[in-house]
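Q: What follows is the residue order along each chain.
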Amino acid sequence: MATLTYRDALNQALREEMQRDPNVFLMGEEVGVYQGAYKVSRGLLEEFGPTRVVDTPIAELGFAGIGVGAAMAGLRPVIEFMTWNFAALALDQIVNSAAKILYESGGQIPVPIVFRGPNGAALQLAAQHSQAWDAWLAHIPGMKVVAPATPADAKGLLKSAIRDNNPVIVLEGEMLYNTKGEVPEGEHLVPIGKAEVKRPGRDVTFICHSKTLSVALKAAEQLAEHEGASAEVVDLRSLRPLDEAAILSSVANTHRAVVVEEGWPHSGIGAQVVDVIQRDAFDELDAPVLRVTQADVPMPYNKQLERLAKPSPERVVAAARRVLYLD
Amino acid sequence: MATATVRSTDASVQTELERRMLRQMLLIRRFEEKAAEGYALGKIGGFCHLYIGQEAVAVGSLAALRDDDYVISSYREHGQALARGMSANVVMAELYGKATGCSRGKGGSMHLFDVARRFMGGHAIVGGHVPLAAGIGFAIRYRGGSQVCLCYFGEAAVNIGAFHESLNMASVYKLPVIFCCENNRYGMGTAFERVAAVTDVVEHACSYDMAAEVVNGMEALAVYEATRRAVARARESSHPTLLEVRTYRYMGHSMSDPLHGVYRTKEEVEEQRKRDPISQLAAKLKDDGALDDAGFEALDADVRAEVEESARFADASPDPEPGELMTDVLAD
Amino acid sequence: MEALSPTMEEGRVVKWHKHEGDAVKTGEVLAEVETDKAVMDLVARADGVLRRVAAAEGQTVAVGSVVAVIAAPGEGAGAGSEVAAGGALEGRASGVTSAKVAPSAGRDAAGTAGDGAPVTGVRTPVATAVAAPVPPSTAEAGGQSRVKASPLARRIARDSGVDLKLVAGSGPGGRVVRRDLEGAARAPAQGSPAPPGTVAAVPSAPSAPGRPPEPVRPGAPYEDVSLTQIRKTIAKRLAMSLGPIPHFFLTTEVDMERAAEAREALNHELGEHGKVSFNDIILKATALALRKHRACNAWFQDDHIRYWNEVHLGMAVAVEDGLITPVLRNADLKSLTELGREAKELADRARSRRLQPTEYTGATFSVSNLGMFDIDEFTAVINPPEAGIIAVGSIGVRPTVVEGVLVPRRRMRITMSCDHRVIDGATGAVFLKTLKQMLENPLAMLA
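If you're matching them up, the sequences are chains A, B and C in order. Heads up, the first sequence is in my numbering, so the first residue is 162 and it goes up one at a time. Heads up, the second sequence is in my numbering, so the first residue is 2 and it goes up one at a time. Heads up, the third sequence is in my numbering, so the first residue is 51 and it goes up one at a time.
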């Protein structure tokens, strides 16, 4: 198995799917001539030409809508947002068009489209460029939402997303693009809606996705080292559909859980996960489920404040200590 | 700007087209009157935007399309759906929210769909479907097809960003799209000139280096001819066109709005009724000796029967099964 | 007439302690009533004046009918103003309520204030001195104070029959969490020591006031095990053949020489401080054998078998016109002398019919001894829901072959009656073997 960056794993997925299906095309700002703002589309223009690798004006609403229209007419567009922060402008097309047309047409017109791009905060980009869209997007019926944390999952989930007959949101991460990992070559598909235990454990479950996987894994190491407690780390991978069975199965073993996410606390992904746990694993719980989220503020620019705002392994360990009654 | 001229050299073919357009306009008029009645009786719920007064736009423009072309519209789309050939039965049943409706009762008045006729829906966010039209045009060009996409929207959508983004990209990418602005002069209760710096919609085409035309929307033939020119431009050279079709709605914005009052006078509505597209075309056919009063009455009776039948059909149709609630959320 | 025992349908007024015109206070004894099991106190459920006595001494009155009327001072005994003592409990407002009711009825009792004010009757069978006569089970204890516990701890407690009220929680605000139950929920047989900080769940066998607290042991009082299919079939088929309880009987003869020697030595040692009887030794050995053989320390419960982790030994006592089995609670944990004292005291009170219902309910196994009547051997009838009883015959000198030589030995026969739905032949036999070994070698009891 080759070791690839997350960026190259995505590039490989795009290349393979474009080779496989002539209906697949990539559209977005700087995806062609510039080779991608984060170089995810490097080399694709050369290989597939300007009809299939389409540079757009800075007009998120417009090109998101063009993608939806093209999908209604049978193509399989991959729409890249330079970051999801800009996708707020395109939300009408995502929510009102992509997610609803199948239903309001009584099942006549599917919309097989992928919206992808980096999500959430990077470093010191301040409030408007540091927003996690997970909860906003996962709220909407009629779409799927995936958030790969590793290069292998990035490839496998993007390929599955492109082949899906529904709108699929792929949440990537600027801070993830350079991370490396082993990636299976060729036909590597990760099913949408399946979580994965990234580290087995006995005493507490950490539920995470995307960038918070590394936070949770670090916290698990610290917990093992300092407290002798073993944390199971469940990577959701998909936010909609949510792999409730995987969550419940882990909590049934550990009887306590901490949910870690990049977004804000109010009405977040973690709130949904907690709902699942309290509803279907009530009798398994030995402690309230705690959440570690971004601070409930717009992201500050200052480096120290930004660090405080983000979920950290220390905050996860602190939450774990509380649910383990170690405090 | 070009004006409408009849180019058909075959008079009988031309007459046949005119008779067909007259019948379609009458069908839409009677259908909408029946829909108003159904709304008043509580058989139709939600929002219901009628097309009375604007019949010539849908009928004239759709007469210029092929069956494999695409059509997409806003929430005032009953007329276009009927003119595209969808039966009065399935459209009325959809208004009634019935399982036999064209969207199986899940869309309603604002979301009529018929994928077989490439009628890609009524869409209810003002201007929201204009980018979709560009996307359909993009798919046509991507595949190297010769179809066009005809997109209807009201003049109020011109103030929306999506309109401008779409026109820009349609021009940049050379997409075979006809942007048909039905300028009925009022966005709900606001006169266009009160909220638009440029009141001639057609002028926006200049910003996007796009072909454009102003059309008399009360004359079906004029709309037909202008659309034919736009369609040819799209098919032959994949150039988009902006049509500003000047029309008038006799009814309120929707069934819950007044016909006139604070934003326009009764006199104005009465004055516009004198330009009624149905009367005009009927008069022309009579002048040409192709129709007499009895013939018109017979046509009207025929259309009324079709509309009555659609109401009966809708009434008798079942509601969607409760199980339908959860279907069609995701495709397999 | 109040229901003063779980099975009482009528009561005979033995003696009135109060008379018409006497002032009475809530809780005061009005009369003694003989039930099917014992003579009980009938207490006042309201303050006032005993206006009318409706049942003469010696008269038998059905449960639920009026035996007396208490009224506010100056009030008549007419309808509307009357407060009946021990009066009709069925639905009507009767003014009868309990001053000494079980905790679960406490809320109703709190409303009892008024001079003649009608208050709702309480149907809970009420004993005068102790809580409701329920088996020493704790799981269903009514909660007047909410216990804070994690859902998991609640589930574990429910499954293993631990009373969360008796567990000290180590979580925030005293929340009972799993670790607090780790020792308590484990069956004692597994023998794991409770982790540090653990407060074991205490079986809440009701204890009469004035008694020393009963020994504490970790673990749930019992474990419910679902009937397997074969067990269900056995239960059904055997019940068809032998009446409601399919009995079978096992008899063994026990050499009592060493038990007799031990008894003599002990009694010599005790001198004036007490006396150990053969019956005490048999009770103690039976209790210890039951601890080793939980399979015989069980209740048949229709759709499941309840295996008790505590040993509560019923002891059949002949009374003037019948039989009653007072219960020696946690008999396996008590010393011989303690057991002897308690057995004697219970037997005395049984004969004078002064037992409280809690003192004759909740046994997990019973012993019936007719040795003093010179009965060689007999079979005893099981006291449901218990699954077994042993019948103890007289100790007599019999010729016995010991190491090939015929010698006279003090011998005794024990016959065990088993409920075949619970106990199979071999199960009963191994229990009996243990019991025999303990009696033949009393030192084994220390093991």
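I should point out that these hints are in silico values taken from the structure, not numbers from a laboratory. Glycine is no exception: its CB is placed at the ideal position from the N, C-alpha and C atoms. A hint or two may mislead.
[Said to hold, decoys possible] Derived, one-sided and incomplete: chain C residues facing chain A with beta-carbon distance under 7 Å: (1) K198; (2) S200; (3) P201; (4) L202; (5) R205; (6) A312; (7) L316.
[What the hints assert, rightly or not] Dumping the calculated DMTMM-like pairs for lysine to aspartate or glutamate here, alpha-carbon to alpha-carbon at most 25 Å: (8) C/K215 x A/E445; (9) C/K198 x A/E207; (10) C/K68 x C/E82; (11) B/K175 x A/E207.
Q: Hints first: check each against the structure and report whether it holds.
A: Here is what the structure says about each hint:
Here the hint on C/K198 is broken, as its CB sits about 12 Å from the closest CB of chain A, past 7 Å. Hint status for C/S200 relative to chain A: holds, with the closest Cβ pair at about 4 Å, below 7 Å. Here the hint on C/P201 is kept, as its CB sits about 5 Å from the closest CB of chain A, short of 7 Å. For C/L202, the shortest C-beta to C-beta distance to chain A is roughly 4 Å, which falls under 7 Å, so the interface hint holds.
The beta carbon of C/R205 comes within 4 Å of a beta carbon in chain A, closer than 7 Å, and the hint placing it at the interface holds. Interface hint at C/A312: violated, since its Cβ lies 50 Å from the closest Cβ of chain A, which is beyond the 7 Å cut-off. For C/L316, the shortest C-beta to C-beta distance to chain A is roughly 50 Å, which exceeds 7 Å, and the interface hint is violated. Between C/K215 and A/E445, the direct Cα distance comes to roughly 20 Å. Compliance with the 25 Å bound is thereby established for this hinted pair.
Of the supplied pair hints, the one linking C/K198 and A/E207 is violated, its CA atoms being roughly 66 Å apart against a limit of 25 Å. The hinted pair formed by C/K68 and C/E82 meets the criterion: a straight-line CA distance of about 10 Å does not exceed 25 Å. Proximity of B/K175 to A/E207 is assessed by CA-CA distance (about 22 Å); at most 25 Å being required, the pair is judged to hold.
Hints 1, 6, 7, 9 from the earlier list are contradicted by this structure; the remaining hints agree with it.
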